[in-house]
Amino acid sequence: MKRIFAKGPSVNLRLLAALLAAAALMAADHRGVLPELRAALVAPLYPLQQAVNVPIRMVEKLWEAFSSYTALVKDNQRLKDEQTFLKTRLLTYAALEKENIRLRTLLDTTYKLGEQLLVAELLAVQMDPYQHVVTINKGSRFGIRKAQPVLDENGIIGQVLRVAPFTAEVILITDPNHAVPVQVVRNGLLTVAVGAGRSNQVLLPYLPNNADIEPGDLLVTSGLGGVFPAGYPVASVATVMPQSGRPFALVTAKPLAKLDRSRELLIAWNRDRSKIEAGENAAPEAAQPVAPASDARR
Amino acid sequence: MHAVRPHGRLFILLSFGAAMLLRILPLPAELAKHNPDWLLLVLIYWHLALPEAVGVGVAWCIGLLADALTGKMLGQQAFAYSLVAWLCLKLYQRLRLHPLTQQTLAVLGYLFLAHGIDFWILRVKGDGPFGWAYWLSVPLGALLWPLVYLSLRHVRRIFHVR
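First to last, the sequence lines map onto chains X and G.
Anchor point for the first sequence: position 65 equals 65 in the numbering used here, and the numbering is continuous, going up by one each time.
Quick note: to get the numbering used here, add 1000 to the position in the second sequence (first position is 1).
Accuracy of the hints is not assured; some may be wrong.
[Unchecked claim] Listed next, the in silico DMTMM-like pairs over lysine to aspartate or glutamate satisfying Cα-Cα at most 20 Å (straight line):
hint	chain 1	residue 1	chain 2	residue 2
1	G	1125	X	29
2	X	138	X	217
3	X	258	X	60
4	X	61	X	75
5	X	258	G	1030
6	X	80	X	97
7	X	138	X	260
8	X	254	G	1052
9	X	258	X	212
[To be verified] Facing chain X, a subset of chain G residues (Cβ under 8 Å, in silico):
hint	residue
10	1008
11	1010
12	1020
13	1095
14	1144
[Unchecked claim] Computed spacing ranges between beta-carbons, pair by pair:
hint	chain 1	residue 1	chain 2	residue 2	range
15	X	143	G	1143	19 to 27 Å
16	G	1154	X	16	18 to 26 Å
17	X	243	G	1030	37 to 45 Å
18	G	1154	X	76	28 to 36 Å
19	G	1143	X	76	45 to 53 Å
20	X	71	G	1155	53 to 61 Å
21	G	1094	X	57	21 to 29 Å
22	G	1030	X	121	38 to 46 Å
23	X	201	G	1100	26 to 34 Å
24	G	1154	X	36	54 to 62 Å
25	G	1154	X	145	26 to 34 Å
No wet-lab data here; the hints were simulated from the structure.
A virtual CB, placed ideally from N, CA and C, is assigned to each residue, including glycine.
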């Protein structure tokens, strides 16, 4: 039997309660007082996030199974060549690192010894023009914390935004609310790379019109702000357009990491943990104070 | 009195689960931002089909889960979904009798309302920039309504969810 007259509070009253509760939640969440509630809500959704990747994994497995012998041999050969090449590079790198440490001890400054890395897989992508956030399959159970840097083999991808027990959300460097402190390799110029809301572009909004920057310049992390370790590639400058009548030039750069194609990401632990913890609260706006510093240099 | 039998409730939950899967489908970035709001489509269907079982409270809970799932501010979609639920519950008797084309137009309005609330909240929060592409998921969702409606009705009749 169906009810003709609903029992309990009326629909209007229920709507009012729902809207008030939602507004209260939004206000609380905006102030960041509910990380536990969010983690508790995300945890039961983990099977869903896993399930959505099953077909993709199956296609990948099938692809592997059916890829021909010659293709595999070719792949193998290429990887061997690449490994020899990288090993040689690493030899010189190790020597350089030793030299760098020795020189820095001479100068009495600290040197960050390498980073520990963890491989995580992409679970979901939340791409809107106003937020570039991806979900990965490792969470606080694996020791992941907020504001850890995330990379792929080509460069910086972003940083950890929120952590749940089995998953974590990573904000990409192209998110309009994200900024990375960077340095031009060619001349050491410091600036900030801000996301543009497009997956293939970051902006350098705080460079004056006469700044010494050219298309093709490599931008690496400067290590300022304390979130990203220094020296990792971020982007290469694409266009430089001086704007007459405005204080800053219009400079765009193309991220080097394959932001929209990588399925495997690397999460880095800085050996110097206290530094990450100090930067934890400031992320992702940690980079903002760097802007005046770049002006002060000139 | 039970409005919905236990296996019916399971079916409703499964339909929400499927909608969540579609919502977080790992599509290429260019497509992902136009992925329509599948959860709201399924919610609207249940509001029209079983208004005494799926009401404002269910919409609020589903909205909260959607917020957690898509990394939005908690309560953002709960707000929009409960408002749409209220409208659906006010109008379901009329909407049920409309032909599918007219229903689709109403659903377009609902999706637009939910997306507009989303837009408004993001603007208040200070997010941006928004181009016309931000709104593209609304007509796409409305175009998918006949598909959602017919397939859910078909399966509902097989399982006798009443």
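Numbers of the earlier hints that this structure fails to satisfy, in rising order:
2, 6, 8, 9, 10, 11, 13, 14, 15, 16, 17, 18, 20, 21, 22, 23, 24 and 25
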